[in-house]
Each structure stands twice: as C-alpha cells, then as structure tokens.
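All chains should be built: construct the whole structure from the sequences, respecting the hints.
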Amino acid sequence: SAVISQKPSRDICQRGTSLTIQCQVDSQVTMMFWYRQQPGQSLTLIATANQGSEATYESGFVIDKFPISRPNLTFSTLTVSNMSPEDSSIYLCSVEEFTGRGGYTFGSGTRLTVV
Amino acid sequence: GENVEQHPSTLSVQEGDSAVIKCTYSDSASNYFPWYKQELGKRPQLIIDIRSNVGEKKDQRIAVTLNKTAKHFSLHITETQPEDSAVYFCAASPIYGGSQGNLIFGKGTKLSVKP
Chain Z
1 SAVISQKPSR DICQRGTSLT IQCQVDSQVT MMFWYRQQPG QSLTLIATAN QGSEATYESG
61 FVIDKFPISR PNLTFSTLTV SNMSPEDSSI YLCSVEEFTG RGGYTFGSGT RLTVV
Chain C
1 GENVEQHPST LSVQEGDSAV IKCTYSDSAS NYFPWYKQEL GKRPQLIIDI RSNVGEKKDQ
61 RIAVTLNKTA KHFSLHITET QPEDSAVYFC AASPIYGGSQ GNLIFGKGTK LSVKP
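Each protein sequence line maps, in turn, to chains Z and C. Everything in the first sequence is counted per my numbering, starting at 1 for the first residue and increasing by one. Everything in the second sequence is counted per my numbering, starting at 1 for the first residue and increasing by one.
Please keep in mind that the hints were generated in silico from the structure rather than gathered at the bench. The beta carbon of each residue, even a glycine, is placed where N, CA and C say it ideally should be. Check before you lean on any hint, since a few could be wrong.
[Claimed, not checked] Derived CB-CB ranges, DEER-like:
(1) S9(C) - S81(Z): 28 to 34 Å
(2) K42(C) - N72(Z): 26 to 32 Å
(3) R15(Z) - E56(C): 47 to 53 Å
(4) Q51(Z) - S28(C): 29 to 35 Å
(5) Q51(Z) - S52(C): 43 to 49 Å
(6) S1(Z) - K58(C): 17 to 23 Å
In structure tokens form, the structure reads like this:
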C-alpha cells in the first residue's frame, strides 16, 4: 500500500497564527483528501485536492480558513489559518489505493493544539 | 448528502466472544463500505471493505455483511482477542474512485475485549 508521510506529527500553536501541514506520498495519486478528527470524535472530510485544480471543500469548511495546495501528484499541504482553540484536532491526509487491496489509506496525522 | 449511523458507541466483550457493530446509511447511491480500526494515538487502518455487488465478505476472524435493500452493513469479529480492543469506524462512499470517492464516517464504536 502507499506510504504517506505527514509533517509535523504534532504542534502547539498560539491562537491567531497559521500552521501548514505537509503530506507526501511515495507514489503518484490523483486525489488526496484532508480530514479532521476532533478529540474523541469521528473523521470529517475537509476537502478533496486534485492536482492542477482548486480543492473542493465540504460544507462548513472554507478556503480562507483551510487553504490547500496540490503542486504535483505526490504532495499536498493543508494550512490552518488564524487558529483558535476550536481548531485543536488531528488532521489527516488520505489517498485512494488502486493496487493491492485498494481502499483509502491514511497518513499518520498531525495533532494540533491551539493555546 | 450521505449520513452514516453507527451502533453501539461502546461495546465490551469477553475474550473469545463475538462482537457485532452495525451501521446504516442514507444514500442509496453509496456502493463502497469500508471498516477502519483505530488504536489510541494511531491512524485509522482499513481492516475490511465491501462493495455493493457483494453481500458478504470474510477475512479470517473478520466478516462484513451488506444489505442494500435495508441500507445497512455490519462488522462481525469472532473469537475476539485483547488486541482487537480499539475504536472501529464504518464508512460509506457514493462512488469508489474518482472525484466523488470521499468517505462519510460513522461516529465510531469503542470495543473493549476483556481477558
């Protein structure tokens, strides 16, 4: 299956600042997905990133707050802007597998704490 | 849009017993149903999935059943072991693959297997 490297693994940030999370995949993928997992909760899709076009955001998530870049088929970034304590969550990237058992594979996640 | 309900939220079983987790979905267009296991502090891991052209799938101690008419699917774990203790998430996707292949997750079931 695809190997997904996500950085940073965790960070503690001051409110009002921004953090950029990187997701690197060891193979070329068409779609990359960004999820948020609030403490003790399920996973919620933030946006879908397709190389060469603007990301598609889910209801409740906007580009100004969560800008996404997708410069090539192996890399994407998610920025959490103007952070508040409510943004404290785990952020995970995910890719779709078309080989092996298929399905969607997740990165190791970024644990963000906003103080 | 799709809505996935998952029950129970917590489940405690004795080692060796079976565990069953049930999910219902709302969108009849959904045709891909994966199950993920998430251990504390780790990423979700795909453990089994099923597509709408299959009613049941088994992988060693794990099985998933799908009833498209009733819009529900279930995870069955037999001969449970303490290492099965984790949070399990079901998910549904309208289309496997492509720009609409994002997952909608249930709220999760915390499974505890007592030795």
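For this session: Could you see if the CB distance from Q51(Z) to S28(C) stays within 29 to 35 Å?
Result: Between Q51(Z) and S28(C), where Cβ atoms are some 31 Å apart, the hint holds.
For this session: Mind checking the hinted window 28 to 34 Å against the Cβ distance between S9(C) and S81(Z)?
Result: 33 Å, holds
Problem set entry | Verdict for R15(Z), E56(C) (Cβ pair) under range 47 to 53 Å | 50 Å, holds
For this session: Just tell me: holds or violated, for the beta carbon distance of K42(C) and N72(Z) against 26 to 32 Å?
Result: 28 Å, holds
For this session: Indicate whether the distance between the beta carbons of Q51(Z) and S52(C) respects the range 43 to 49 Å.
Result: About 29 Å separates the Cβ atoms of Q51(Z) and S52(C), which means 43 to 49 Å is violated.
Exercise. Quick one: are S1(Z) and K58(C) within 17 to 23 Å, going by C-beta?
Worked result: Given range 17 to 23 Å: holds, Cβ gap about 21 Å.
Hint check: a violation occurs at hint 5 only; the rest are consistent with the structure.
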